[in-house]
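Visitor: Turn these sequences into a full structure, and let the hints steer you where they fit.
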Amino acid sequence: MIRPCIILIIVIGSLGAGVTAAWSANSCVDCHKQAETLQTLPSWYQDQYLHWYGSIHGQKGVTCEKCHGGDSSQMDKKLAHQGVVPASDSKSPVYYTNVPETCGACHKKVYQQFVQSRHYKNLKSDRLAPTCTTCHGLQMDIGAVMPLQLAGRCPICHNPQKGVKPEVAELARKTLEEVTLTDRSIQKAQAAIELAREQGQKPADAEQRLKTARVRLKMTGAMWHSFRLNEFNRELKDIQGEVAKAFENAKRSLMKP
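The sequence shown begins at 1 in my numbering and counts up by one.
Treat the hints as calculated values from the structure; they're not laboratory data. Take the hints with a grain of salt, since some may be wrong.
Each computed BS3-like pair below joins lysine-lysine, with the alpha-carbon atoms no more than 25 Å apart [to be verified]:
hint, residue 1, residue 2
1, K33, K66
2, K211, K256
3, K66, K78
4, K162, K124
5, K245, K188
6, K245, K256
7, K162, K121
8, K188, K256
9, K165, K124
10, K256, K218
11, K211, K108
12, K33, K60
13, K211, K188
14, K60, K124
15, K237, K211
16, K60, K256
17, K237, K109
18, K108, K121
19, K237, K256
20, K124, K91
Guide: So this is what it looks like as structure tokens:
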């Protein structure tokens, strides 16, 4: 019978040398990927390591010590783990109220928005509130939260039983769906612009409007984390208006002889 930890090593080994290059000299990774280390860990920790390995964090070289502390230059286990405390300890960088600052060290724009939110204020007041892992998961490897995923997370707090603005969960889901629809509208406008170019037209106004809309839509990724949905929706409607104008201008170019 093949042990689960051996399967884990095989899977990790198959993920490619590109990931390894990001942390080629890191004692945390070098030790924890070894079968003899994995055998001593509960299956949940083995899964965590695999999730990290395949995540954008693993690919970009955001290694264990960046979030958990410790010294990744030390080969001795005791020295490498010096300063590392359990996540249940309020001194840990991954203690739930400290997570925003830990993530914010890299995700600065998102952090700047999140600290303006009611969620953050409640979190720091030891009240019921989400932190980064509430939406993005403990593995932090799922990227953007899809509307259906969010629909299952917002009601943890926003539900009729708790009486904490139960309408917010549905509003958040609809808002994220609008983001998806806006992105599709951008693709449609881009197609119209490309067709106009093929006909020898130069829809400069449409191109500029679409470029601006793309930049603004990208910026909403950070803006979302303030959780001011009314402000977010106003910005989104404005972006949608720019995209609609870009599409109409590109389509008019198509009608020119």
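Visitor: With the threshold set at 25 Å, check whether the alpha-carbon distance from K245 to K188 stays at or below it.
Guide: Given that 25 Å is the threshold and the Cα spacing comes to 12 Å, the pair holds.
Visitor: With a cut-off of 25 Å on the C-alpha distance, tell me whether K60 and K256 pass.
Guide: violated (48 Å)
Visitor: Measure nothing beyond the straight line between the CA atoms of K60 and K124; if it is 25 Å or shorter, mark the hint as holding.
Guide: violated (30 Å)
Visitor: Regarding the pair K33 and K60, is the alpha-carbon distance no greater than 25 Å?
Guide: holds (17 Å)
Visitor: With a cut-off of 25 Å on the C-alpha distance, tell me whether K211 and K256 pass.
Guide: Within the cut-off at roughly 23 Å; holds.
Visitor: Mind checking the alpha carbons of K108 and K121 for me, to see if they're no more than 25 Å apart?
Guide: Distance ~18 Å between K108 and K121 Cα, so the pair holds.
Visitor: For the pair we were handed, K165 and K124, check the Cα-Cα distance against 25 Å.
Guide: holds (20 Å)
Visitor: Please verify whether K211 and K188 have alpha carbons no more than 25 Å apart.
Guide: holds (13 Å)
Visitor: Take the C-alpha atoms of K162 and K121, compute the straight-line distance between them, and say whether it is at most 25 Å.
Guide: Status holds; Cα separation ~18 Å.
Visitor: Taking only the CA atoms, is the gap from K66 to K78 under or equal to 25 Å?
Guide: The hint holds at about 18 Å.
Visitor: Just to be careful, I want the Cα atoms of K245 and K256 compared with a cutoff of 25 Å; is the pair within it?
Guide: holds (17 Å)
Visitor: Between K33 and K66, does the CA-CA distance stay at or below 25 Å?
Guide: holds (17 Å)
The earlier numbered hints that this structure contradicts are 10, 14, 16 and 19.
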